[in-house]
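Residues per chain are reported as follows:
Number of protein chains: 2
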Amino acid sequence: MKLALWQATPGNGNIEAVFSAICTQLRAAAAAGARLLLVPELILPGYNRPDLHQSLAQPLDGDWVTRLRAEAARQGCGLCFGWAERDGDRVYNAATTIGPDGAVLAHYRKIQLFGPMERSSFLPGDTLCPVFSLEGRRLAMLICYDVEFPQHAGALARAGVGLILVPTANPAGFEHVQRILVPARASEGNCTVAYANLVGPEGDLTFGGLSVIAGPDGQPLASAGARGEALLIVDLAAADLVPVALRSEQAVDYRPARGPA
Amino acid sequence: MKLALWQATPGNGNIEAVFSAICTQLRAAAAAGARLLLVPELILPGYNRPDLHQSLAQPLDGDWVTRLRAEAARQGCGLCFGWAERDGDRVYNAATTIGPDGAVLAHYRKIQLFGPMERSSFLPGDTLCPVFSLEGRRLAMLICYDVEFPQHAGALARAGVGLILVPTANPAGFEHVQRILVPARASEGNCTVAYANLVGPEGDLTFGGLSVIAGPDGQPLASAGARGEALLIVDLAAADLVPVALRSEQAVDYRPARGPA
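As they're listed, the protein sequences go chains U and W. So in our numbering, spot 116 of the first sequence is number 111, and the numbers just go up one at a time. So in our numbering, spot 230 of the second sequence is number 225, and the numbers just go up one at a time.
Everything labelled a hint here was simulated from the structure, so no lab data went into it. The reader is advised that the hints may include incorrect statements.
What the hints assert, rightly or not - Far from chain U, some chain W residues (derived; all Cβ distances over 12 Å):
#: 1; residue: Pro54
#: 2; residue: Asp56
#: 3; residue: Gly120
#: 4; residue: Val126
#: 5; residue: Glu130
#: 6; residue: Arg132
#: 7; residue: Gln146
#: 8; residue: Leu176
#: 9; residue: Ala209
#: 10; residue: Ala221
#: 11; residue: Arg222
#: 12; residue: Pro238
#: 13; residue: Gln245
#: 14; residue: Ala256
Unchecked claim - Derived contacts from chain W toward chain U, CB cut-off under 7 Å, selection only:
#: 15; residue: Gly97
#: 16; residue: Leu100
#: 17; residue: Pro178
Claimed, not checked - Going by beta-carbon spacing under 10 Å, a handful of chain U positions derived as facing chain W:
#: 18; residue: Asn9
#: 19; residue: Ala12
#: 20; residue: Phe14
#: 21; residue: Ser15
#: 22; residue: Ala16
#: 23; residue: Asp121
#: 24; residue: Ala148
#: 25; residue: Gly149
#: 26; residue: Ala154
#: 27; residue: Ala167
#: 28; residue: Pro178
Glycine is no exception: its CB is placed at the ideal position from the N, C-alpha and C atoms.
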């Protein structure tokens, strides 16, 4: 299975421009043979646009997901994207994965909201992403700060997830996440972690790029730079070839311990 | 507080040569103002010497610890070292920290034995290292494979440990531990992790060096190469200066979640 990842510049609140760009990337990903395109957190309506989070948030059966389901089906390439979800009077920092046939494969609400802006815009989720299947693989989603917690990624790995999709919006200055924590989650979980970041300025934030798809040895299958958009397309067969000796056996070996005193 | 770390070549079963080398390193560490010297796993009687593990293992009040307590007191520099401990008919892969006054500050038995050789030589411990104090800091030990488990390092971090001492014996080919997992434990635990490896051949194993002292931003305060012995000495004040914005707040922010389905 080929996976595509789009490191995107922020859309600055221009919803139609974001739709147009996603459609362009979907077309390119499909042409390269990818079955799924991963894009950043809150690509709709924009991460650092708290003025739009409540006012533009859509329901799961609303305009945004409906249009993107149709576009995914048209291109024959699935899509995992972050967006602001309205459920009655509640608004969540959500991610949804649509299959190459346009079906909703899974929906998830960010558990670990980061910082005062997110906590002001959104309510947190309380349930890990359900495990879902694509091309015979077991997948799940986390969003941004979620993946920094070994507990959450570990729970997915122990449930047999082989590919964790992570839409994110990580500012410059926090590159330890891409360089250390994401590879660690992949290595200790014996899985692949795809972390799709924004890049460039949006209001008072500048996103740091360095999007990465880390294999089960913790090494990148591909990574993007810190400047400018990028489309990464990898064949996950390369991750399947990581030797057993370099794969974590933590899930089998872990021994609960008492203490510390 | 200054911390010293000795990346050592294996002693090849020559116990007196190991004692002599530890004493030399203690003297150098003390001369540089270090209050503690960290040395690798099973420095006594040797990691890849399963022929010696049972036959030479000593009790906590036996010859090895008694001599090293006296030497630490003489030099005025503490010592954390890995060794084979006999307790009646049980033998453990242990580590002990001796203070600069020669007192035993803490003793620990490795929980996560790695591979068939270790499991043949040793029984596993079942209790995390007690938290102990030195120079106003809170310390604890893990041994080698233990630190790869976020659960164990996380439990110590949540108990307020600011410095995790890790004697290790990590072969070449597994550099993801030094490069990814140890920095991840430091970053996600908002603590410093010192990982003292062996370097060079011992029987059918070659140890990979790359010993590292990783600060709470996941960045090395110092690191050694993959070839040859090294003595690293750092002032932990440099770790204290890592800005709050780069320090994990996971311990406060963590939200237990249901699932995955």
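Q | Non-interface label on Gln245 of chain W, tested against every C-beta of chain U at 12 Å | A | violated, 6 Å
Q: Decide, holds or violated, for the assertion that all CB atoms of chain U are farther than 12 Å from the CB of Gly120 of chain W.
A: violated, 8 Å
**Q.** Closest C-beta approach of Ala16 of chain U to chain W relative to 10 Å, hint status
**A.** Hint on Ala16 of chain U: violated, closest Cβ of chain W at ~31 Å, above 10 Å.
Q | Leu176 of chain W and chain U, when compared Cβ to Cβ, separated by more than 12 Å | A | Given a closest Cβ separation of 6 Å, the condition is violated.
Q. Minimum Cβ distance from Ala167 of chain U to chain W below 10 Å?
A. Violated, about 12 Å.
Q: Check the non-interface label on Ala256 of chain W: least C-beta distance to chain U beyond 12 Å or not.
A: Ala256 of chain W is in fact no farther than 12 Å from some Cβ atom of chain U, at 4 Å.
Q: Check the non-interface label on Gln146 of chain W: least C-beta distance to chain U beyond 12 Å or not.
A: It is violated; Gln146 of chain W is separated from chain U by about 7 Å at its closest Cβ, not greater than 12 Å.
Q | Check on Ala209 of chain W being off the interface with chain U, judged by Cβ distance over 12 Å | A | Violated: least Cβ distance 9 Å, not greater than 12 Å.
(Q) If I take the minimum Cβ distance from Ala221 of chain W to any residue of chain U, is it greater than 12 Å? (A) holds, 17 Å
Q) Would the hint on Gly149 of chain U stand, with a C-beta cut-off of 10 Å toward chain W? A) holds, 7 Å
Q. Any CB of chain W closer than 10 Å to the CB of Phe14 of chain U?
A. With a minimum Cβ separation of about 30 Å from chain W (threshold 10 Å), the hint on Phe14 of chain U is violated.
Q: Using 7 Å as the Cβ threshold, decide whether Gly97 of chain W counts as touching chain U.
A: violated, 22 Å
Consistency note: the structure conflicts with the earlier hints numbered 3, 4, 7, 8, 9, 12, 13, 14, 15, 16, 18, 19, 20, 21, 22 and 27.
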